[in-house]
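*Asks:* Take a look at the letters that make up each chain.
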Amino acid sequence: MRIDHINVIPECYVDTNLIQYLIQGTVNHQHGCNNVVGKIKNSFHDRFAIGIIDNDKDQVGYLKDCLKITQTTHLQFFKHKTLPHYLITVDPATDQFILECANNLGVNPENFNLPSELQAFTKRTKKTSSNNDPDIRNLIRSIGDHAEIKALRQSLHYLIQKQYSADNEGLIRSMQIN
Amino acid sequence: MIKEEKCIFAAVNHSAMKRLKIRNLGPLSAADVDLGQVNVIVGMQSSGKSCVLKTACYCSWVEKRIELTQSSSEFEEGSRFLDILVNYHKMKGFIWPDTYISYESDYMGFSYDHSEQKFTFFWKEKQWDYQRPKVSYIPSDRNLVATIPTWSKLTLENDNLLDFMTDWDIARKSMDTSSEVLNLKMSYHYDSLSNKDIVVLPNDKTIQLSEGSSGIQSLVPMFMHLHYLFGKQHEKQSLTAMSFEKKNEAINLASKLHQKAHEGIQTTDRIENGKVTLSEQNRSVVLGTTMYVCENQLAYERFTKLVNQFLLVNHNEIFLEEPEDNLFPPTQCQLVDWLVDNVSDSDKGDFLFVATHSPYVLNQFIKDKPKDFRIFFTHPIQKSGQYALSSLTEEDIQDVYYNGVDLFFNFEAYEN
Chain A
1 MRIDHINVIP ECYVDTNLIQ YLIQGTVNHQ HGCNNVVGKI KNSFHDRFAI
51 GIIDNDKDQV GYLKDCLKIT QTTHLQFFKH KTLPHYLITV DPATDQFILE
101 CANNLGVNPE NFNLPSELQA FTKRTKKTSS NNDPDIRNLI RSIGDHAEIK
151 ALRQSLHYLI QKQYSADNEG LIRSMQIN
Chain B
1 MIKEEKCIFA AVNHSAMKRL KIRNLGPLSA ADVDLGQVNV IVGMQSSGKS
51 CVLKTACYCS WVEKRIELTQ SSSEFEEGSR FLDILVNYHK MKGFIWPDTY
101 ISYESDYMGF SYDHSEQKFT FFWKEKQWDY QRPKVSYIPS DRNLVATIPT
151 WSKLTLENDN LLDFMTDWDI ARKSMDTSSE VLNLKMSYHY DSLSNKDIVV
201 LPNDKTIQLS EGSSGIQSLV PMFMHLHYLF GKQHEKQSLT AMSFEKKNEA
251 INLASKLHQK AHEGIQTTDR IENGKVTLSE QNRSVVLGTT MYVCENQLAY
301 ERFTKLVNQF LLVNHNEIFL EEPEDNLFPP TQCQLVDWLV DNVSDSDKGD
351 FLFVATHSPY VLNQFIKDKP KDFRIFFTHP IQKSGQYALS SLTEEDIQDV
401 YYNGVDLFFN FEAYEN
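Residue numbers (our numbering), protein chains in the order written: chain A, 1 to 178; chain B, 1 to 416.
Everything labelled a hint here was simulated from the structure, so no lab data went into it.
The beta carbon of each residue, even a glycine, is placed where N, CA and C say it ideally should be.
Some clues are possibly wrong.
Below, a list of computed lysine-lysine pairs in the PhoX-like style, where the Cα atoms sit at most 25 Å apart [unchecked claim]: (1) K123(A) with K383(B); (2) K41(A) with K367(B); (3) K383(B) with K41(A); (4) K383(B) with K126(A).
Ranges between beta-carbon positions, derived for each pair [claimed, not checked]: (5) D91(A) with S115(B): 40 to 46 Å; (6) S192(B) with K127(A): 53 to 59 Å; (7) D345(B) with D91(A): 52 to 58 Å; (8) L118(A) with K205(B): 50 to 56 Å; (9) N183(B) with N42(A): 24 to 30 Å.
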């Protein structure tokens, strides 16, 4: 088996679990947002790539070269000014995003053997195995109907399908809830 | 872009196949390894990387023993094959009731099944094409020779560390003139009068190796040992410098080679101890105190060829644990460049197998792209608590380099 979506580059670990569930395939995950951005810049040059990073750290310098296209409560979508590079930032971080989506839908993480309190949940998501943690995957599956999760799924599908021909309006349209 | 393959092996006559199969050894459930000329293995701690490295090294050594004695009898009794591995590489807790190891090269094949305590062996057609290697295992705890100046007085078991120490001692004593360490503007020499390892730092300050930083203590013993190996200085070893036991082995082997050289040739007395009485003096070879006289030119040519193959070291087989220990990342990259240059430049076809935890080491190997390069990684088998081994294809390696895949974080995507 090889990586299905080599140009989809999330941070480890829970981010990867979320993105792999949403696009139903394996991705090229990197350790830390600086490595995500570094790989996009240095390995993909002028090729299409999507980075997914948390927004809880110092803002990565590469965002200065990007323009914000749109945003939701937790998600911001950026595109490089000249290159086919997209960055999606999750605010403040994917673990909290997932918990808040679960709370909004009345889903209790404890039903999936996961802590419902942020600090303990974060601790669990920092484990190296959280990429493929089935409990986390089940929680993510249970919040699949959340508007922001849907928006993220649809935008990823749009970008992966259109790649170089994607445009800002099309991306915004793709996020609209059916 | 990945750089073009260099055409560097035009003169290579050694490109031996090595195929290793391991079942149930330490944390490893299964490993099927087709080794190339340059090999790198990565994987989580305690997932069996060193297990593969040690077993591969051991099998190369067993192969050498069998070739040099032309017999597998020393490994055939009970669990002796496994016992030697366990003692030499300190692997006592690694053995399972059904541990199984098999090895196949161009010259022979052998396997050991612990459930039956049975060692099986067979020769292959190229039995007599074997080229004697220097098999070296460089353990990760190698810096002991630097941190403990009195290491030579330690009582140690006959294991890989002691062997490394012995090799290091031979190597350092050959460094009576100053040798530069990589291009770090730092040099090493051995002071035979004081029996001390001397390092001259970039600021011209002279220190003893034992006073050096952790990086120096880790790098210098490994680098100087490898420098010695790549310099082929061990080729100068003569029969007179051998121990009694080794000398006897060499003489026994020479007799077998002499016999082989005369296959199909009518013979009279072949060996004249001490003096030559036959007229064919120009077809005689002296090894130690024994003269081997060949019956005719064909036998003489065959015999000298076999002597060169079996009694002189032809190439290095190096098994190196974690070369990155305590090193600054750019130095790790320099070290890999140097390793690849030396292995690639060898006209005999040196062999290198490296275990690493360093993305810098792995990526530099990929960047340097030595010919016949293989990457292996260990990975957990779901819920079993055991590990298996997979290898990357050319396409996978392209992913890692061209698409920036971090293998250390994505290995599950490449499991076979």
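*Asks:* Each of the hints needs a verdict: does it hold here or not?
*Replies:* Okay, the hints, checked on the actual structure:
1. K123(A) with K383(B): holds, 22 Å
2. K41(A) with K367(B): holds, 18 Å
3. K383(B) with K41(A): violated, 37 Å
4. K383(B) with K126(A): holds, 20 Å
5. D91(A) with S115(B): 40 to 46 Å: Violated: the Cβ-Cβ distance is about 58 Å, outside 40 to 46 Å.
6. S192(B) with K127(A): 53 to 59 Å: With Cβ atoms ~54 Å apart, the hint holds.
7. D345(B) with D91(A): 52 to 58 Å: For D91(A) against D345(B), whose Cβ atoms are near 54 Å apart, the range 52 to 58 Å holds.
8. L118(A) with K205(B): 50 to 56 Å: Hint holds: Cβ distance 53 Å, inside 50 to 56 Å.
9. N183(B) with N42(A): 24 to 30 Å: Since the Cβ atoms of N183(B) and N42(A) sit about 25 Å apart, the hinted range of 24 to 30 Å holds.
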